[in-house]
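These are the residues of each chain, in order.
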Amino acid sequence: MAAVSLIESVMKFAIALFSAAHAPSSRRALLFAQAALAGGHEIVRLFFYQDGIYNASASVVTPQDEQDLPRQWRTFVTEHQLDGVVCIAAALRRGVLNEEEAGRYQREAVAVGAPWELSGLGQLHDAVQDADRLICFGGA
Amino acid sequence: MSTLHVLSHSPFGDDRLTSCLRVIGANDALLLTGDAAYALQKGTAPFEALNARAPKLFVLAEDAQARALPVPDTAKAIDYPAFVELSVHYDKVNSWL
Amino acid sequence: MAKSLLIISRQAPWSGPSAREALDIVLAGGAFDLPIGLLFLDDGVFQLAAKQDAKALQQKDLSANLQALPMFGVEDLFVCGDSAAVRGLDPNGLSLEEAQVLAADEITALIDRYDQVITL
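Chains as they are written, first to last, in the working numbering: chain A, 549 to 688; chain B, 18 to 114; chain C, 400 to 519.
I should point out that these hints are in silico values taken from the structure, not numbers from a laboratory. Backbone N, C-alpha and C fix where the C-beta goes; we use that ideal spot for every residue, glycine too. Any given hint could be a false lead.
What the hints assert, rightly or not - Lysine to aspartate or glutamate pairs mimicking EDC-like chemistry, simulated, CA-CA at most 16 angstroms apart: (1) A:Lys560 / B:Asp108; (2) C:Lys450 / C:Glu496; (3) A:Lys560 / C:Asp514; (4) C:Lys402 / A:Asp678.
As the list claims (entries may be wrong) - Partial chain A-side listing against chain B, Cβ under 10 angstroms, derived: (5) Ser567; (6) Leu579; (7) Ala583; (8) Ala584; (9) Ala586; (10) His589; (11) Asp680; (12) Ala688.
So here's chain A without its partners, still in its complex pose (with noise of 0.2 angstroms):
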């Protein structure tokens, strides 16, 4: 591997998630954006799109023997003020409406609040214009 240059450069990344909060990709995901704060980069933007929304869930209820990653994630942007943004259309056909959107739809559950904003795919546009890189993780 190429030597590490002594003055780092710091980037920006956009992080996509696709996969559900039970999925291995989900974790490494946070792991990841973790890694990349704590090596001093910057998050422009995290963006849930397919079942990438269900991280942002609050209705998911994760056994006790089990990490929790919807709560993982919230508390991740809350305490990073990260911008964490949830695909509007991928999250009302997955049934995770907030509340401005169950009201729309006449639909009971509330499953998303803050830090999450639903929005559109625009905003991931936005970040991989904004972004040095743009890393996606999700599949498996």
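With chain A's structure known, arrange chains B and C on it following the hints.
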């Protein structure tokens, strides 16, 4: 331009590794994460395919360790800080979702 | 100058939401006038098979959206020739005529040309 390709699916019964090895460039690298680490299983077709193409190869240490997979001399086991460094070193990251 | 983004679509049209959600990313990028490319690879080439009938599965017909891509300013369309051939598809008989057929080494070069890439 150089790309860090990231795989996370088992190479058995999945064509992501094969497709990745078809398009991976001379300046690129391949990081095996999750079940993609099983490509390091000796004596298997995926392992042979990796050796034949011989890309610059990395594996997430936690994934090799969990699966008791030996890390060959041709690969480097890395942690998350090193994963971040790799993503900085290469011009872009292509995760095969 | 805007960063260019290549979307690599690898899933068959109705294997789940991936094909459509990949296309949504492309269309959104086109709508924002961003430099977007779309490559059909592996099972993704099945999205371009002729004479498909989505209605038989009560599914959305993606081909209408695919044909609309140039109207959204997305003209950089590519298909992997090998993926089509091994799947019994004539690379020159696909439903998206504008899609350029590429060999493996051309795909390597293609990925290199873009600033960012999403493969789903």
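Hint by hint, here is what the structure shows:
no., hint, in the structure
1, A:Lys560 / B:Asp108, "13 angstroms, holds"
2, C:Lys450 / C:Glu496, "14 angstroms, holds"
3, A:Lys560 / C:Asp514, "14 angstroms, holds"
4, C:Lys402 / A:Asp678, "9 angstroms, holds"
5, Ser567, "8 angstroms, holds"
6, Leu579, "5 angstroms, holds"
7, Ala583, "4 angstroms, holds"
8, Ala584, "5 angstroms, holds"
9, Ala586, "7 angstroms, holds"
10, His589, "7 angstroms, holds"
11, Asp680, "8 angstroms, holds"
12, Ala688, "5 angstroms, holds"
When each numbered hint is compared with the structure, no violation occurs for any of them.
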